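Enquirer: Below, each chain spelled out in residue letters.
2 protein chains.
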Amino acid sequence: MALKPTPDVTDSIPEGGKARRVYLQLKDDIARGVLEDGANLPGEHRLANTYGVSRVTIRRALEALAGDGLIEKRAGSGSIVRSGRATRQTIKADIANLVPHLAEMGAKTEARLLEFGYQPASSAIADALGLAEGVRIQRAVRVRLLDGQPFSYLVTHVPEDVALSYSEADLATRPLYSLLELGGVQIDSAQQSVSATLAAPDIASALDVPTGSALLSLERVVRDEQGRGVEHLAASYRPDRYQLSMSLDRVGDGENRHWEPIVQLETGLNGSGRAAQ
Amino acid sequence: MALKPTPDVTDSIPEGGKARRVYLQLKDDIARGVLEDGANLPGEHRLANTYGVSRVTIRRALEALAGDGLIEKRAGSGSIVRSGRATRQTIKADIANLVPHLAEMGAKTEARLLEFGYQPASSAIADALGLAEGVRIQRAVRVRLLDGQPFSYLVTHVPEDVALSYSEADLATRPLYSLLELGGVQIDSAQQSVSATLAAPDIASALDVPTGSALLSLERVVRDEQGRGVEHLAASYRPDRYQLSMSLDRVGDGENRHWEPIVQLETGLNGSGRAAQ
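Those protein sequences? They're chains A and B, same order as listed. Quick note on this note's numbering: the first sequence kicks off at 1287 and runs consecutively. Quick note on this note's numbering: the second sequence kicks off at 1287 and runs consecutively.
Any given hint might turn out to be false.
Intra- or inter-copy, both count: the list cannot distinguish identical chains.
Below, in silico cross-link-like pairs of lysine to aspartate or glutamate (DMTMM-like), each with a Cα-Cα straight-line distance of 25 Å or less [claimed, not checked]:
| # | residue 1 | residue 2 |
| --- | --- | --- |
| 1 | 1394 | 1494 |
| 2 | 1378 | 1546 |
| 3 | 1359 | 1456 |
| 4 | 1359 | 1396 |
| 5 | 1378 | 1447 |
| 6 | 1378 | 1454 |
| 7 | 1394 | 1474 |
| 8 | 1378 | 1413 |
| 9 | 1394 | 1541 |
| 10 | 1378 | 1456 |
| 11 | 1359 | 1323 |
| 12 | 1394 | 1330 |
| 13 | 1359 | 1539 |
| 14 | 1378 | 1446 |
| 15 | 1359 | 1322 |
| 16 | 1378 | 1535 |
| 17 | 1394 | 1419 |
| 18 | 1378 | 1541 |
| 19 | 1359 | 1454 |
| 20 | 1394 | 1511 |
| 21 | 1378 | 1510 |
| 22 | 1394 | 1546 |
Calculated directly from the structure, the hints in this document are not laboratory data. The structure displayed is predicted, hence computed values, not measured ones.
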């Protein structure tokens, strides 16, 4: 199952070319606010020096950015950044519960199940879950959307005997942790690490970004009360739509002074985020 | 001040070209273990289809990967991934204390101060710190290295009156939080968010990665006991050398069941990580 073809406003600059690279980099800088709304973009000559490319290449990248509405070209006086950053909706998720209480934000999320099947575990997945290599596991690929816009790409692996408690239809409509807990799995703990990755063609298409864009990546191994691995999650997030946030307190004295994360208190108003990814 | 020029094993494929993009993507997949050590790489024909490029382009990308020692070409039977992933040293930092107790790992970190100066605050930095736009701030750029290998690129902004307690020489030798606390600042709390970004040319050079590589990015605003912003940190990390890790507990009952981060206990053996970034 595939998502609709990605509408690409950058058809004018070839995939993988130099202009595309400069376009992606500047777009990334605008999305992150390194280039601020209303700021003057450096001139073509300076950009050409910075990126080590010709001015023709810079001009093509700027045309694509203008086509996206991210810059406004001014005759004779360069370009102005028009990020509209303040108005864009970005999910600020806390690092434990990866999908926050979006309903409280007035927003609606949904998940689309792209792939569902059983296969032998690769050595990396088997190692992570503490299984023998080649043991059969349930693999699913889902995309999560906020108000119809994709923001995360989730690949999950669950040992076959654990996965027998849910069907493809179940996973298309309910969060995986809910299904596992309904099936009697005592989910107890998780270990996760956060990193960054380049969007490969298939993930880029599902998340509606150009191939080679930067994505936030997260890997999580979930264990039950016996310490058995019951889920491996590899998630990729669009950084313009999703950020992991947390608050910290500075505690301790003298040489022992250090940061500690502040545990978010649950409001109890809304269960939608609790079992989500 | 600039770091030494980046040795580039990929000089054979032009910066920003299609072969470079495929090279970066495959390198990223190998670093993350999506392509596992010892696995067969898909054939040239399949890779060409996946990336929408010619087989000549794929061949150039594979030659560069072979030059890096990341794949081994076999006559007539494709290529084998040789990531040596298990032996590579990756920093696993907890999400609160961004530099863990590396001395306990037998490793040595150092920071190099690349830039140090005073300038008017941009609107984004002023907003984040709760200052008026244009107020003078101290800006520093540092690179942190583990055993001589760069892994993080740190840009800090500190309000001028707070920054008067340290000099350029101080910052070249001591962590910023130590200096602020020695100077009498009561650091109280922080808010941070984690995302991903593409390596711009200057950051790529300092971190010794190709331009356009994926980097883990972190933004942190630090406040004193009066709630005043005393530091803005924008950090970029090499994902192959640095990951943010955390453990979670599944707590609560029924509809209220959710994840909570496990606060790491300090061992008190080593203060080196406490004030670092």
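Enquirer: What hint numbers does the structure not satisfy?
Expert: Hints 3, 4, 5, 6, 7, 10, 12, 13, 14, 17, 19 and 20 are the ones this structure does not satisfy, whereas the remaining hints hold.
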